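The listed protein sequences correspond, in order, to chains A and B.
Per the working numbering, the very first residue in the first sequence carries number 1; after that it's consecutive.
Per the working numbering, the very first residue in the second sequence carries number 1; after that it's consecutive.
Don't take each hint at face value.
Since the list gives no way to pick out one identical chain from another, each pair is judged satisfied if it fits inside one copy or across any two copies.
Here are the computed lysine-lysine pairs in the BS3-like style, where the Cα-Cα straight-line distance is at most 30 Å [stated by the list, open to error]:
(1) 274 - 247
(2) 416 - 233
(3) 429 - 416
(4) 340 - 429
(5) 247 - 416
(6) 52 - 413
(7) 459 - 247
(8) 238 - 340
(9) 274 - 340
(10) 413 - 41
(11) 247 - 354
(12) 340 - 416
(13) 429 - 119
(14) 247 - 375
(15) 429 - 28
(16) 429 - 237
(17) 416 - 10
(18) 459 - 237
(19) 354 - 28
(20) 354 - 416
Read the hints as simulated data drawn from the structure, not as lab findings.
Please read these numbers as outputs of a predicted model, since none were measured by experiment.
There are 2 protein chains.
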Amino acid sequence: MNWKSDSLEKLFNPRSIAVVGASDKPDKLGALTLMALRSYKGDVYPVNPRLKNIGETECYPSISEIDEQVDLAMIALGPQYILPTLSECAEVGVKGAIIFSAGFKELGGIGEEHQRRVKEMADAGHIAVIGPNCLGAGNNNINLNATFFPHPTPMEGGSVALVSQSGGVTGLMIYRAADSDLGVSKFASVGNRVNIDFHDMLRYLRADSETEVICLFVEGTEYAREMTEELQKTTPKKPVIVFKVGKTPASREAALSHTGSLAGNSELYSAAIKQSGAIEVTGVGEMIDTAHILTMCRHRPSGRRVAIVTHTLGIALIAAQTLELNGIELPLPTEEVATKIQSMLNMPVEIPIKNPVDLLAQGWADPRIFAGAFKLILNEDQFDAVMIVFSPNYQEGIGGGVPIDEIIEASNKVSKPVISVLASPDTRKPPGHEVLEASGIPFFSSPQRAAQALANMLKLSR
Amino acid sequence: MNWKSDSLEKLFNPRSIAVVGASDKPDKLGALTLMALRSYKGDVYPVNPRLKNIGETECYPSISEIDEQVDLAMIALGPQYILPTLSECAEVGVKGAIIFSAGFKELGGIGEEHQRRVKEMADAGHIAVIGPNCLGAGNNNINLNATFFPHPTPMEGGSVALVSQSGGVTGLMIYRAADSDLGVSKFASVGNRVNIDFHDMLRYLRADSETEVICLFVEGTEYAREMTEELQKTTPKKPVIVFKVGKTPASREAALSHTGSLAGNSELYSAAIKQSGAIEVTGVGEMIDTAHILTMCRHRPSGRRVAIVTHTLGIALIAAQTLELNGIELPLPTEEVATKIQSMLNMPVEIPIKNPVDLLAQGWADPRIFAGAFKLILNEDQFDAVMIVFSPNYQEGIGGGVPIDEIIEASNKVSKPVISVLASPDTRKPPGHEVLEASGIPFFSSPQRAAQALANMLKLSR
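With the rest of the complex left out, here is chain A:
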């Protein structure tokens, strides 16, 4: 079965692409596909027997008329043309195919039979097929957007792979990644899964040197056992984050009619996900937040004990509650450190130092106090990770602020994750957040999202 990973490698790193069913009418699938390929640097060959040119590009009457080797065929044709096209692909040695068209297994009956024959032909030709009934795939590190969807946001390259049954949810994952400045390696909307299902993608991505974290949106698969086995093999090497839907009656029914997938017993899925060491999340936002923290933090936590350092306790206690609801511990600082922090605060009465560690107004007004307390807490053995919670300063010339340099310097000396919450509008990220992120300290605007993502990462600690 090893041909699948080899063929997927050609699909995700093609030197050349044929767009079969290319069109010059801007609202047709075959035109949208060409538009989506604008940033791709390899060769693109439009195929359409009724056209000589599309714009300034020569159009080929068939895939076999293309002189050069084609690695990937993007097939923008109706279901009735898929079999003959795949046959031609097999003849000329195309190794990857993307089939957008619906009209297969999701229709049942004849559709199911049709998909079976497509699978036989693809398997015989060792063609890895993404789809049918899908949005396509892509490789952001080579600007390959092999979909019919010219994305509205720039596609950042990176190390997170996104795999979804649904094309729409693939888009949603890409949007949330863009919102978080999260870089994506490969993405694929596997749709009806002719011969590339979740387990095939896991096997391929596990070996992919560009991918560090794998995200799966699962409606259901007939290969749940294989998926679980591949999850088990993958999680010791790379974190896998899974969002499984179909837990409720209407959503289960919808999954069935969507990509011909049996949602199955969601408790069995959850148990399998957990036992395989993957992280189960409950939404796309949470999935991307968790991937963000996993790719950015240079160290994995060795336990589940967190300290929160803050000057704005109301926000910190939202984070604390979210962590605790996820089974994360917030132990107290040692008496020695608590006493040192008390003396920094220099208050008229003795302030009990708990966790969250509240530095009061002084923690905002005097960055040395915040930095000093942060260092003391960071170096305490009983904490496996530290979260800072801050209301940053947007006004030039006003004192107070996050002591970014000191936080980074101290964090570089220890091998535990540090997470920052800088309460801020999503539409105006706070000054300094890029500097933190460049140093391996993920930034979140929301205490809840940060704490949920951190809790998900901490669940990976043994």
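Given the coordinates of chain A, assemble chain B onto it according to the supplied hints.
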């Protein structure tokens, strides 16, 4: 006790404000306060006996030296100066005071005694006090930002009131409101609550003609019974949304040391919130989303049955699952309507029409099909609310798209809420979302957030 609402009315609609402890040093509280008041159109009198002017504005040696009537005193002084200042406020008839300083009840012991004396003096002078240990308050409809925090985003006027114990969380609520273009009427960070607690704010806001929806972030209050009573009186008139924290050990401890508040038994709080007809939420984002849907929808649902109309079923099933997990029903369309939609889709085999109603690729490519099916579903008696789920089109000149005009026209003819999910990056809202919102159809970029907010609204139906 009726003086409190009258005094709060002066506090939120002052004709003039004294800033006691005004400063010319840009990083001092008394300077930040003046900066935050830049957009306020009434008279602002800086008070500081050591300064003649601040910039070009005359500075007064004391509040009693101001010739005009002062409605609101913002007191940017240390705790030791609060009692004499309040005494002066009472003498000259100031009706509202905001005390930023910490150093009261949250310290216990002498701090508690100090706060008791402040309360006695304020009560005697009929002065409504926001704080101490707070961020302040504001009225966005008159551009009053009576805090020490010059906000980084424009403060939109509107009809949602935000009340929080924590100043930091007040900021967070304002940020999330800005992210959603949600207009705010009044906001207040009540801090240690000398004589204005949640129940006082509820009584005042219930009668406030500018406020339609009330949001509370509660750590804990000594007046839980009074809060419950006022909730019961308020919810028949205006929806109240409550986010209560302090449910877990560390967060409960933190609430206690933060604003001197007993978090109490969170199950009792939850029961009281539910019985009073308020909506309990689990986060600031969910709170703002729910307020958004409640202020924007012109009709309240009369039951809890939702239809989802989509062309992108994967995204729709996330919404469906979220609704069902919240106890919302998704009944099937009638056979008559299902048959009509089937004939619109004109597929080679019979596609079962379920709920979510999936219009397949045709629903995207042909806006008439989407509009037609939407109208049929909207007019079905068994649905109390309709959600549309769409992947909008960002590319000029490409066909397909949301049939915005038809959706608005049809929605205007029925008295049920319509919600739109246009899957999109938060950093690039999709074309047409403003038009939908201007017509009372809230827009969300996320199916999960939309479904959670809709479910919260549906829980209000009898």
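(message) When the structure is checked against the list of hints, which entries are broken? Sort them ascending.
(response) Checked against the structure, the hints that fail are numbers 4, 6, 8, 9, 10, 13, 16 and 17, while the rest are satisfied.
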